[in-house]
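Number of protein chains: 2
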Amino acid sequence: MSVSPIYNFSAGPAVLPEAVLRTAQQEMLDYNGTGFSVMEMSHRSDMFMGILHHAEQDLRSLLNIPANYQVLFLQGGATTQFNMAAMNLAHGFERADAVVTGNWSRLAYEQMPLLTDARIHLAAHGGEQFDYKDLPPVDNWDIDRNAAFVHFASNETVNGLQYADMPKLSDGMPPLVCDMSSEILSREINISDFGLIYAGAQKNIGPAGVTVVIIREDLLERCPKNIPAVFNYRTHIDKDGMYNTPATYPIYMSGLVFRWLQTQGGVKKIEALNELKAQTLYAAIDGSGGFYRNDIAPHARSKMNVVFQTASADLDKKFIQEAELRGLRLLKGYKSVGGMRASIYNAMPYAGVEALAEFMADFQRRYG
Amino acid sequence: MSVSPIYNFSAGPAVLPEAVLRTAQQEMLDYNGTGFSVMEMSHRSDMFMGILHHAEQDLRSLLNIPANYQVLFLQGGATTQFNMAAMNLAHGFERADAVVTGNWSRLAYEQMPLLTDARIHLAAHGGEQFDYKDLPPVDNWDIDRNAAFVHFASNETVNGLQYADMPKLSDGMPPLVCDMSSEILSREINISDFGLIYAGAQKNIGPAGVTVVIIREDLLERCPKNIPAVFNYRTHIDKDGMYNTPATYPIYMSGLVFRWLQTQGGVKKIEALNELKAQTLYAAIDGSGGFYRNDIAPHARSKMNVVFQTASADLDKKFIQEAELRGLRLLKGYKSVGGMRASIYNAMPYAGVEALAEFMADFQRRYG
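Residue numbers (UniProt numbering), protein chains in the order written: chain X, 1 to 368; chain Y, 1 to 368.
Hints may be right or wrong, so weigh each one.
Because identical chains share one entry, a pair is satisfied inside a single copy or across any pair of copies.
Mimicking BS3-like on lysine-lysine, the simulated pairs with C-alpha atoms at most 30 Å apart in a straight line are [stated by the list, open to error]:
no. : residue 1 : residue 2
1   : K317      : K269
2   : K318      : K269
3   : K317      : K225
4   : K268      : K318
5   : K133      : K317
6   : K317      : K239
7   : K268      : K225
8   : K225      : K239
Hint data in this document are derived by calculation from the structure and do not stem from the laboratory.
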């Protein structure tokens with residue numbers, strides 16, 4: 001094993017705070033004197049219900065979730081939410097609007113029509129116009145005020161795009177449905193601007209296997225009775241999250257991450273750190289005289305997933321290989337995009353970003 | 001904390017082998033010298049793909065899964081499989097058959113029609129005839145040979161019923177689809193007798209959050225193209241289980257359980273132990289002169305979930321409370337059934353069953 005620290009830049013499942021892993025390790029065979037591992041607890045036991053409710057309360061507190069929003073910890077990932085959102089919220093509507101700004105929102109747009117009668121209308125497209133290098137401003141979205149909802153992704157993990165100002169619609173417009181998987185808890189947001197937020201845990205929340213859903217209560221009236229209970233938001237709300245056995249251990253781990261985030265000063269504090277981390281990497285790219293490139297419009301650059309490349313695929317490969325040997329791991333870009341991608345979620349310490357910036361300078365000295 | 005051991009009789013999430021938990025504890029911050037926690041590994045990394053493929057191979061070896069069956073580790077629990085099975089396998093069929101023998105197969109029967117055009121036909125019912133105290137013999141099932149499939153649950157967790165001889169259909173009959181959640185890996189079975197087997201992990205496999213699906217390859221041709229990719233078995237097969245991020249840590253834990261089961265001598269050996277455990281508890285019930293009762297037809301008694309009761313709900317409550325204090329935990333029966341339920345899956349050691357039998361005798365001496 002290397003003596004120098006390892007930094008994990010995976011886009012997800014991603015790095016977790018070391019303090020969280022140490023707590024999980026200590027409690028593995030005996031949670032809080034119960035004599036049980038969390039994995040062995042009946043989901044309906046007081047022991048586990050306590051863990052679940054605590055996690056929910058901490059998330060509510062971190063994100064300032066108003067009382068008229070319900071919180072669920074579901075299974076199936078964000079991918080399942082593409083269809084659950086459409087099945088539950090578009091019933092009886094002629095149309096729902098979808099904004100396509102990269103890999104994930106495109107997939108949502110493609111999948112959402114499959115279990116709903118509503119037509120999914122392409123409300124804005126970052127591809128044809130911008131080749132996923134810029135984001136269509138919310139004022140340019142072509143929205144029907146009678147649409148069931150407007151779906152978008154606030155951060156595109158693959159393409160490295162993020163809305164710097166979180167989109168907001170005026171009163172009387174349809175509810176915003178947002179895939180926030182790769183940025184939730186990374187900055188302060190106003191939950192009341194959304195109808196539904198969903199997020200796969202494996203980036204900024206916890207381990208893979210749990211999906212956080214935050215839904216405005218009045219929208220639950222739309223959930224049709226003739227869809228399977230397991231895909232119905234209202235079933236899960238009515239059963240206090242226990243309609244079927246949830247992914248108990250991933251929920252427990254998410255709760256530990258929420259508590260860790262509180263010890264870091266909460267979302268406002270981590271947002272400032274995330275700003276600094278992103279600035280450091282983009283400065284390393286922009287200050288390289290063109291040796292490293294990031295082609296995203298500056299105002300649309302993601303603070304979570306920093307994509308960059310050198311002049312050739314061969315040099316990118318060498319960069320990734322050498323970085324691996326220095327303990328800077330999983331920097332390879334998504335297969336359809338290529339190049340490098342540094343995912344710098346909440347749990348990535350500033351030291352990891354510094355180490356990467358230093359290696360970038362060193363690599364350029366040797367190959368530039 | 002008590003000095004005497006704690007035995008966890010939860011119906012699921014359930015007890016895990018202590019050796020498995022100790023390995024997980026040791027590897028929490030550094031899996032196999034990688035410097036990563038398993039939870040932090042990209043699901044597409046070689047590190048995690050190795051874990052996944054090893055788990056699959058061990059499961060194939062333990063269950064003697066033939067080469068023409070595919071294995072998936074999905075999310076959403078057995079409950080999601082009710083609808084996935086119907087959506088994927090009943091497309092273009094007029095009818096699918098369902099056998100209802102207790103709580104879980106009844107729920108499957110109720111949910112399966114909701115996303116398929118096929119009519120779900122009640123092929124046999126253990127309720128009206130038997131009040132879930134006996135199982136309809138497979139020879140009495142009313143099956144249409146043109147049905148898409150025949151669904152049943154081999155073990156009813158809530159009601160404490162289990163087919164002693166695993167149902168098998170003759171050649172030319174529809175494929176059997178079996179919910180095997182609460183007994184998979186507890187006894188030898190012939191995979192070739194089934195079209196599809198699914199099992200939520202949280203009883204005999206690992207922690208909650210992963211569902212094992214074993215499917216005969218030729219049935220994949222039925223999967224329609226117009227269902228969401230995330231609910232399509234073929235998508236997951238085509239993408240080598242990586243269509244979306246799977247529940248990586250629960251898969252890793254399941255793999256550890258598979259290896260543990262190999263060290264115990266495999267399924268044949270654990271089956272003998274499971275026989276002995278069940279015999280011990282049923283002998284304690286039957287030998288109590290009526291103080292404890294189990295009303296299931298003897299040939300249909302579950303070897304995984306032993307339900308029993310005393311003469312009154314008050315006495316049941318006292319039993320459960322006193323048992324808790326002796327470290328015999330989570331013996332309360334399912335809310336709709338009442339009484340007691342001792343779930344004695346693979347990971348329950350014989351000592352736990354002995355301790356329960358001794359406590360039963362002691363309790364009877366004091367209250368009988």
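Hint check:
1. K317 x K269: neither (35 Å within a copy, 50 Å between copies)
2. K318 x K269: neither (36 Å within a copy, 51 Å between copies)
3. K317 x K225: For K317 and K225, neither the intra-copy (52 Å) nor the inter-copy (37 Å) Cα distance is at most 30 Å.
4. K268 x K318: Result: close neither inside a copy nor across copies, 37 Å intra and 51 Å inter.
5. K133 x K317: within (23 Å within a copy, 64 Å between copies)
6. K317 x K239: Cα proximity of K317 and K239: across copies only (24 Å, versus 50 Å in one copy).
7. K268 x K225: Close neither inside one copy (40 Å) nor across copies (45 Å); limit 30 Å.
8. K225 x K239: Close inside one copy (15 Å), not across copies (33 Å); limit 30 Å.
Hint violations for this structure: numbers 1, 2, 3, 4, 7, all remaining hints satisfied.
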